[in-house]
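Visitor: Listed in order, the protein sequences are those of chains A and B. In terms of the numbering used here, the first sequence opens at residue 1 and continues consecutively. In terms of the numbering used here, the second sequence opens at residue 115 and continues consecutively.
Everything labelled a hint here was simulated from the structure, so no lab data went into it. Check before you lean on any hint, since a few could be wrong.
Derived DMTMM-like pairs (lysine to aspartate or glutamate); straight-line CA-CA distance at most 20 Å [to be verified]:
hint: 1; chain 1: B; residue 1: Lys227; chain 2: B; residue 2: Glu129
hint: 2; chain 1: B; residue 1: Lys163; chain 2: A; residue 2: Asp97
hint: 3; chain 1: B; residue 1: Lys175; chain 2: A; residue 2: Asp97
hint: 4; chain 1: B; residue 1: Lys163; chain 2: A; residue 2: Glu102
hint: 5; chain 1: B; residue 1: Lys172; chain 2: B; residue 2: Asp199
hint: 6; chain 1: B; residue 1: Lys172; chain 2: A; residue 2: Glu102
Under 8 Å between C-beta atoms, here's a sample of chain A residues computed to sit facing chain B [to be verified]:
hint: 7; residue: Glu14
hint: 8; residue: His29
hint: 9; residue: Ala31
hint: 10; residue: Leu43
hint: 11; residue: Tyr48
hint: 12; residue: Gly51
hint: 13; residue: Ala54
hint: 14; residue: Ala100
hint: 15; residue: Gln103
hint: 16; residue: Pro107
Yeah, the Cβ is synthetic: ideal placement off N, Cα and C, and Gly gets one too.
Residue strings, one per chain:
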Amino acid sequence: GAGVSQSPSNKVTEKGKDVELRCDPISGHTALYWYRQSLGQGLEFLIYFQGNSAPDKSGLPSDRFSAERTGGSVSTLTIQRTQQEDSAVYLCASSLDQGAYEQYFGPGTRLTVT
Amino acid sequence: AQSVSQHNHHVILSEAASLELGCNYSYGGTVNLFWYVQYPGQHLQLLLKYFSGDPLVKGIKGFEAEFIKSKFSFNLRKPSVQWSDTAEYFCAVNARNQGGKLIFGQGTELSVKP
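This is chain A alone, in the form it adopts within the complex (with noise of 0.2 Å):
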């Protein structure tokens, strides 16, 4: 069946702008998470919903990156005013339920900070 999708796969945008990444997971997952990958800093992780719950929004770097997940289906990201330092690959995942269940990863989106 159909994989974790991420659009758009590469983002190049100007210091300053804002930017929207999308995540369709895996139909009937109920967990949805985002990660960033970065030369620096690894794999880190954003934000995280589970069903109806309040998402955990502990790894967000600053209060210039949200996240929606709506319908309990597609998720966006989107970070404000994007500076240099937000440049990396930014993947979600999605799992059936949380904890010991695999996540299953996107492509990634690539974004580019100019």
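Place chain B on chain A using the hints.
Guide: Chain B alone, transformed into the frame defined by chain A:
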């Protein structure tokens, strides 16, 4: 805060050599443990996981890992590597009382020479 440490940043082996990648974590509570792999140009995918029971777990492609609770370790092993094992390997920890988020190590890049 939890952290995960992978001791080797880059490992170079010849085919048929044995592999062991170290992973240690810092967290005093109960954890689920994972190894993910990222082959060149591909998504992150699960190699194996531990959440209970036999501390020696077997994954895909002949990989195994052993959870040693007293050492807070979850080392990955393979008796004989192949060129196709060239990839980046990530150890990850999920603290069971903190929802589903994964804390990743910095990754180990494995290069296998034919």
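Visitor: Give a verdict on every hint.
Guide: Going down the list of hints, with the structure as the test:
no.: 1; hint: B:Lys227 with B:Glu129; verdict: holds, 6 Å
no.: 2; hint: B:Lys163 with A:Asp97; verdict: holds, 15 Å
no.: 3; hint: B:Lys175 with A:Asp97; verdict: violated, 25 Å
no.: 4; hint: B:Lys163 with A:Glu102; verdict: holds, 8 Å
no.: 5; hint: B:Lys172 with B:Asp199; verdict: holds, 16 Å
no.: 6; hint: B:Lys172 with A:Glu102; verdict: holds, 15 Å
no.: 7; hint: Glu14; verdict: violated, 28 Å
no.: 8; hint: His29; verdict: violated, 11 Å
no.: 9; hint: Ala31; verdict: holds, 5 Å
no.: 10; hint: Leu43; verdict: holds, 4 Å
no.: 11; hint: Tyr48; verdict: holds, 5 Å
no.: 12; hint: Gly51; verdict: violated, 11 Å
no.: 13; hint: Ala54; verdict: violated, 11 Å
no.: 14; hint: Ala100; verdict: holds, 4 Å
no.: 15; hint: Gln103; verdict: holds, 7 Å
no.: 16; hint: Pro107; verdict: holds, 6 Å
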